[in-house]
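2 protein chains.
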Amino acid sequence: ASGGKGIGGRTRSIRERVPPLLTDLYQFTMAYAYWRAGRHEEHAVFELFFRDNPFGGGFSLFAGVHDCLLFLRNFRFADEDVEFLRSVMPPDTDPAFFQFLRCLDCSGVTLHSVPEGTVVFARVPLMEVAGPLPVVQLLETSLLCLVNYASLVCTNAARFRLAAGPKRKLLEMGLRRAQGPDGGLTASRYTHIGGFDLTSNVQAGFLFGIPVAGTMAHSYVTSFTSLEEVWPQTLSAVNGDHNLVDIISLTKGWLSRVCELLGAEPGKIHEGELAAFLSYAIAYPQNFLPVIDSYSVGCSGLLNFCAVALVLCELGYRPVGVRLDSGDLCKQSLDVRRVFRLCSEHFSIPAFDSLIIVGTNNISEESLAELNSKISVVGVGTHLVTCTKQPSLGCVYKLVEVRGRPRMKVSEDPEKSTVPGRKAVYRLIDAEGHPFLDVVCLAVESPPEAGLPLSCYPLGCNHTALSVTPARVTCLRQEPLCSAAETRAKVQSSLQTLHPRHKRLQKPDSYTVALSQKLHNMVKEIQKGSSNNTNFLLAN
Amino acid sequence: ASGGKGIGGRTRSIRERVPPLLTDLYQFTMAYAYWRAGRHEEHAVFELFFRDNPFGGGFSLFAGVHDCLLFLRNFRFADEDVEFLRSVMPPDTDPAFFQFLRCLDCSGVTLHSVPEGTVVFARVPLMEVAGPLPVVQLLETSLLCLVNYASLVCTNAARFRLAAGPKRKLLEMGLRRAQGPDGGLTASRYTHIGGFDLTSNVQAGFLFGIPVAGTMAHSYVTSFTSLEEVWPQTLSAVNGDHNLVDIISLTKGWLSRVCELLGAEPGKIHEGELAAFLSYAIAYPQNFLPVIDSYSVGCSGLLNFCAVALVLCELGYRPVGVRLDSGDLCKQSLDVRRVFRLCSEHFSIPAFDSLIIVGTNNISEESLAELNSKISVVGVGTHLVTCTKQPSLGCVYKLVEVRGRPRMKVSEDPEKSTVPGRKAVYRLIDAEGHPFLDVVCLAVESPPEAGLPLSCYPLGCNHTALSVTPARVTCLRQEPLCSAAETRAKVQSSLQTLHPRHKRLQKPDSYTVALSQKLHNMVKEIQKGSSNNTNFLLAN
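These protein sequences, in sequence, are chains E and B.
Each residue of the first sequence is one higher than the one before, starting from 1 at the first, in the UniProt record's numbering.
Each residue of the second sequence is one higher than the one before, starting from 1 at the first, in the UniProt record's numbering.
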């Protein structure tokens, strides 16, 4: 499939979104050097992981896997790609290399990955890419580009979901603040998987089937100045009879009663705002949810809303609620709720008790956690999509095996050393059902067994062995592909099983990732070999 | 033109990148309410601006204008777009509205904009979009999405350029940390306009003609273990004769001499690293620039580089330099330079004096400013493309006129009030050639004149009039479209004329933006009118 109808909806062709030239030039210069040295058939294995959980958190979600698969399936150079490369590579590059590129695809590449949406931890190998050395090298930047932001923003969404609690509806509305069009689409897509319910981005609804939401902006309100602009000035009741009601005089009547009930000054009410609300209610009598802070919530917006909503109720419609977009949302929502209750009681309109309040004022993880339960829908833009607290995830792609032999970067900085060889990762679950340790083993090792003690070496404190007995063991790379909706559900259920101490948003306990005894031994051997360099200068 | 070959190179069709559904749902619900009220032919004017310069700076660059133009030119709904909208709008939406959408385009819309790459300031109207009310409303999110990140990352690039000084080459290499594929491309495109010389992103080279650069990653170095992997093991000299030289023994000889010269321990040198360098040098004898910190710069990488580079020099080639990617770049670059000089003198190889040092270790604006002049090429990734310091620009799109009548949002927060009416912006230049004040006038006013005193009202201190006499006056919206290369040059020349006190990276003096006398008077009148609401409740 060329990606026209991808997993999760009508995605644009991956070949267009991620052409094979969308990578760093050094991938090509290295590929040429490998080819030139006759190493283009050598089998190599790269591993993808990150070194720290983002946002100072205790966990991450891994995302972007489906796009990586589509990318690999469609990886092929067009003639114009190759001609462009010829123009930028040094003039002494052997022309036969470009012929090699022309025939290249990923048929010899295998990808093993932690599934889309898995809860993961720092230093766990998330993806293994194996195949001919120059080919798997070429894939580096594109794969990193596809998983880094997807995982980051998905994790950010999951944190907002944890801060919001399970009941509140969360709306993503960050398109205008994203890194251009595709950044916005990627944000909508992966924040939905991470736990958001709705998006304002219509194209994301179209492509990925995410429910869309939205009603009006302040400009709609300020575009009206007087009730004369309301047209038509009539509305019929919902109950079948087609008698048209003069909605202007009906509204004025309700507004007077509301002002009287609340002791409000009619002189401070904006007529243009009332006209805007009324006009919107006539267009959408069943979906009335205006933004009420264009002028003043207490002196104008809330009163205008109540008047129009009472008209709708009188005609048998059900208004939906209000949106607050500035100021102290907590304080305002209490006032709004109080007024709704007063109207409900005074005018005997029980529908006023189930009106909702939507809050959308520059919401951050912290301000979301502080919102009260009066606000049942929260829209989040900038802080969600730009990941203000940490706007990038540092996934890296490291060589771990060449020609069947483990490769390791032995750095002077132990944090930057890599763990060699092909691996399998097992998650150990305790008796309460909480995962408590991920153990990274050699791929050829037999998996840990439930109920049997296992000796392993936690990363970060390399020399201390730890013995653990899992109640259950799962393999992190053994799941079939699933739909976006299934992935989204899986995210929430896996977060559910994660112990609260690991999912605390601030200062969580760090989750243990350990090497198996055999892998630990291999690391030690290679380190020893590396420090005992045979002196090749004297060897010839 | 459908955008296939846009300004600045082979851009992907704007219709694909920014389909008309790539906007917030509320634009459509508002458009419907306007249409329903018979307001779809009403002429409206929106204005785009931001309230604060990003990064705590004193200026910004405005970018994304060309994409906005292409977007408007190609704005049309496909049948499937309209069908999707029908499925998400409330079921009581009048079907004739969808017919209206099907015929809609931007032929009735005019766009006036500050040109691409202009130095701009907070609160100056940057773009004016005029046309039928529902159409110009629909454009909001897409236009904001196209200019926000483009302007932000272009401004960030200009700040990195200021920190780097005019001579150093700057390389953008942020693709893997951007918000997905298109985020990376947008970053490459606008950082080049903002002052970067090179990009690592090959696709950006292909699409936008930006020069590309890159040589090797650490994985290339760690993929080699011994000199036996080097192939071919011969190289011929550059001077025409085709005698193949045994490059292994030649290299060992030079390495021994280098170790002796520097008093280095041959036992600490990594053979795999030497093999990698040699292999690369055989592939690219004229482009040798390896990364030398895979193991240890001082004990291995630098020595291996010198040996291979001396071989190349002996054979008549010119090695290019080294890349440093970790640790203290300043300190290391001094050591590297010292060793180059020693080799140059001791072996009488003057080419060693012109070797370059490339630095690429998590460079920020601050760390760039602290680099010494030994490092002549700097690669920047994460901090450049994610704009870590402030990952979004808050451009807004506000209604300023409907049916020829000025509209103003009179907010309780004076910062959030808007300035009504259609405007022209003039930049006043002082006798030294520095711009010193932008004055926002009504479009119908005659422009300020050079040499004549002008009374105006600086924004932020609304009641104090200021009298200024410009030596020269330019209109901010009177330039023809130009190519990316011309824009890039213009950015640097306009930054040149900006007074140093405004372009200081930390705590700059703020540039004055003022309203003309007439515009100021209009604002005051509307504010007065707004507080004297006629009580429409009593009017009927």
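The hints are simulated quantities; they were obtained by calculation from the structure and are not laboratory data.
Check each hint, because a few of them may be wrong.
Simulated restraints, written as ranges between beta carbons of each label pair [as the list claims (entries may be wrong)]:
| hint | chain 1 | residue 1 | chain 2 | residue 2 | range |
| --- | --- | --- | --- | --- | --- |
| 1 | B | D509 | E | Q286 | 53 to 59 Å |
| 2 | B | G267 | E | G433 | 32 to 38 Å |
| 3 | B | K518 | E | C299 | 27 to 33 Å |
Chain E is nowhere near these chain B residues, computed Cβ spacing over 12 Å in every case [unchecked claim]:
| hint | residue |
| --- | --- |
| 4 | D94 |
| 5 | L104 |
| 6 | T388 |
Quick caveat, the model's predicted, so the values are computed rather than measured.
Glycine included, each C-beta is placed from N, C-alpha and C at the ideal position.
Item checked: C-beta pair D509 (chain B), Q286 (chain E): status relative to the range 53 to 59 Å that was hinted -> For D509 (chain B) and Q286 (chain E) the Cβ distance comes to about 55 Å; the hint holds.
Notebook entry, point to check: Is the nearest Cβ of chain E still more than 12 Å from the Cβ of L104 (chain B)?
Noted result: With a cut-off of 12 Å, L104 (chain B) remains clear of chain E, as the shortest Cβ separation is near 15 Å.
Notebook entry, point to check: Does the Cβ distance between G267 (chain B) and G433 (chain E) fall inside 32 to 38 Å?
Noted result: violated, 53 Å
Margin query: Is 27 to 33 Å respected by the C-beta to C-beta distance linking K518 (chain B) and C299 (chain E)?
Written below: holds, 31 Å
Check: Are all beta-carbon distances from T388 (chain B) to chain E longer than 12 Å?
Finding: At about 6 Å from chain E, T388 (chain B) fails to clear the 12 Å cut-off, so the statement is violated.
Margin query: According to the definition I'm using, a residue is off the interface if its beta carbon is farther than 12 Å from all beta carbons of the partner; does D94 (chain B) meet that for chain E?
Written below: Answer for D94 (chain B): violated, closest chain E Cβ roughly 9 Å.
The structure does not agree with the numbered hints 2, 4, 6 stated previously, though it agrees with the rest.
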